Every structure is written in structure tokens, then in C-alpha cells.
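Trainee: Sequence:
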Amino acid sequence: MINETYRTMLGKKSVIRELSELATRMAAEADPRHPLEILDYSLGNPSVPVPPQVNERAVWHLTQGEPAKVHGYSPTLGIPEVKEKLAASLARRFGIPYTAADIFPTSGAAGALAHAFRLVTQPGDEILTFAPYFPEYGPYILPTGCTLTVVPADTKAFQIDFEALEAALNPRVQAVLINTPNNPSGAVYSEETLQTLAALLERREREFGHDIWLISDEPYREIVFDGKTQPYPAAYWPRTLTCYSFSKSLSMPGDRIGYVAVNPECGCSAELVAMCGQISRGIGHNCPTALMQLVAADCCDLTSDLSVYETNMNLLYDCLTGLGLEVVRPGGTFYMMPRAPEADANAFSRKALRHRLVLVPCDTFALPGYFRIAYCTDTEKVKRSLAAFRELMREEYGVQ
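Every letter in the sequence shown is one number past the one before it in our numbering, and letter 382, counting from 1, is 382.
The hints are simulated quantities; they were obtained by calculation from the structure and are not laboratory data. One should not assume that every hint holds.
[Stated by the list, open to error] Once the Cα atoms are required to be at most 27 Å apart in a straight line, the calculated DSS-like pairs of lysine-lysine come out as:
hint, residue 1, residue 2
1, Lys228, Lys156
2, Lys383, Lys228
3, Lys381, Lys351
4, Lys351, Lys383
Since the model is a prediction, treat every value here as computed from it, not as a measurement.
The whole structure should be built from the sequences, with the hints applied where relevant.
Mentor: Next comes the structure, spelled out in C-alpha cells:
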């Protein structure tokens, strides 16, 4: 019998992907004598090139590396030298004594989350996260048998609404999932937010009589603005599973490489990493590509030139707030989430299409009435789009 769960999901495809595909079709269907520039802000695909060292190290491994290591199966728990380099980088940067035994390489942050969810929950447990949130968390968690509960948003700053969190925390909750810097809001959790979260988790652990794990989804860790850095969540809570991807920091999302880092201060990190190998057997993960493990480890202290994202953010923020839109200024990532000028953000997004702007309504991010802009694109294109935003607001909403 065909699986009805996945058949049902066919009708619930990602709105982000659907809009990106629509933008491609709109451009293809335009009169070739009058090419139509579609100002597509739908998909979070990094627009800056990888650092040169990424390609250099890939070529080195392919031409001078040991063929069996580069092209063969890697060990179940990852290549030892890769794990050592990643652990040393984290320990040096964040002051937590990670070792190779605390690191499990994965196929990007999605693979890391797939393992983390299964490490610290049983079917029937509850995982909390915060609106607005990346909508793929739902499909990621569904096969675990757990329930995803979404805590309402703090729309003033997109930090954590602790009153709402306290109301949601109950004995069934085994894990709290955070994403900072955040997709879609661009918010960066402050040190005060992380300290308050840790204190609340500690109180509830005593009350419930069991551990509560923090699962920290951090693919945008290095994209932070105004000369600031993202406070490292694992430094505030010992039972933290850090889920990371090099997709954004090194601009290599198609290479699908990341890791789970288990805070060694939890007291059972080596066991949890060993369990990841068994989880892989059940979900068909079976190790990320060996070549990308080696390259990412060689380049783990580097980033692409991420400055373009802050430039783009400032251009859009100044334009949209100047048009009267309500926007919480992003602290990082390459997203912002303005409030739509009407209650129905889907209707707003349809109007935006008339002006060649592809914008994602945030209903599926658990925040109706807002829309997401993914500004990981060429700065000159952002500049050209400002006139389209002004035209949209003038012709559809009478803003002069």
C-alpha cells in the first residue's frame, strides 16, 4: 500500500520552492525581445562565491590525497582527522573543551537536526520551538513520532517570549529547538535571552525530574551585522546539541556538509555521538561525502566574503521603513521579515508579483501577516529592486 502520510505531503509543498519555481517560469515565459527581470527574493541560496581555499583544498585532495580516503566510505562516525579539526576550531573559538569524540559529521544542518531530534526524544515526546520558525522543522520532526509545539512570537524584537514559553513548558517536553541567527526574522538571540532561557530550563528540569535538551540550529552563525557576534548557545547550557552547516559560512549548500557537536559538559557526549551512528542506520544517512568532510575541516576557520549581506540588508531596511513598513532590523542572516501593509500577506505577495517582486508570505513560518525577503543576491539587483518596491507601495497602497 502506498504511504498516505507522504502522499498527503505532496499537497503541502514548500511555499518557498513554489515561488522560486514561479519566478523561473515568469522569466522564461517573457517576450525574448523584452527580457523580464524577476526580482526573486524567495530562496535562501547564498550568492557569494566560496573562499578560494575551498576549491584549492578540493583539488588537492582529488589530485594528491589518498584515493581510498577521498572516494571511499568514511568511518561511520566521521573521519577522525576531520572531527579533530572541527573540535579544535570550536574549542578555540568558544572556550568549550570539545574533542573529536563530541563531533558527528552530517549532510548539512538538516542531517544534523535529524540526528539531534532522535538522540534525546522518544515517540510521543514534545519538542518546543519559537515562531517565526523554518517550516521544514515540521517534516523533519514528523517521522520521529514527536510533537512540534510552536511558542508564539515576540514581534517587538523576535527574541523569546518567556511568558509564552513558561506556559508551554510541560513534563512532555524533552527538547527546546532554537534557531539563531534566525530564519526568517534575521534576529540574533542576545546573551540576556540565552541566560534567561538557561535559568528557566534549569528550574523546569528540577520541577519535572528529567533533562531538557537544547537543540541549537546554527547555519547562519557567522552572518552577524554591526561588528557583533552570535553568543554561542552551548556556552549557556550544558545539554546542548549544536547543529551546524557550512552552507552559508562557506557558500556551499549544494555540498551538503555540517555536523552535530555535543557539548562535552553534558557528561555523555561520546555516547550520544556513538548513538548517531546507529541513528544513521535507521534513516539511511550513512556518512556525508568524504571529500566534503576533508575540505570543510581544512576550511572551517574561514568564511566567504559575507559583507554583501549587510550591505543588502541596509539598502532594503532603509527603503522599506522609508515607505512606512514595519520592520524589525535584522541582526544577521540574509533575511528580513517586514509586516505586510495588509492583514493578508498572501494577497500582498500576489500584488508584489505584478511588480516582478517574489516575496514569501510567512503563514507557514507561523507568523501570518508578515513576509520574508531573502536578500542573498547581487547588490546591484537589490538597488534595482528598490524602485519596484516603491512602485508596489504607490500603485497598490497609495504610498507616495
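Trainee: Does each hint hold? Answer for all of them.
Mentor: Right, here's what the structure says about each hint:
For the hint linking Lys228 to Lys156, the alpha-carbon distance of about 20 Å falls within 27 Å, and the restraint holds. Among the hinted pairs, Lys383 with Lys228 is consistent with the structure: their alpha-carbon atoms are about 25 Å apart, no more than 27 Å. As the CA atoms of Lys381 and Lys351 are separated by approximately 20 Å, the hinted pair is consistent with the 27 Å bound. Taken as a hint, the Lys351 and Lys383 pair is honoured in the structure, with Cα atoms around 20 Å apart against an allowance of 27 Å.
Taken one by one, the earlier hints all hold for this structure without exception.
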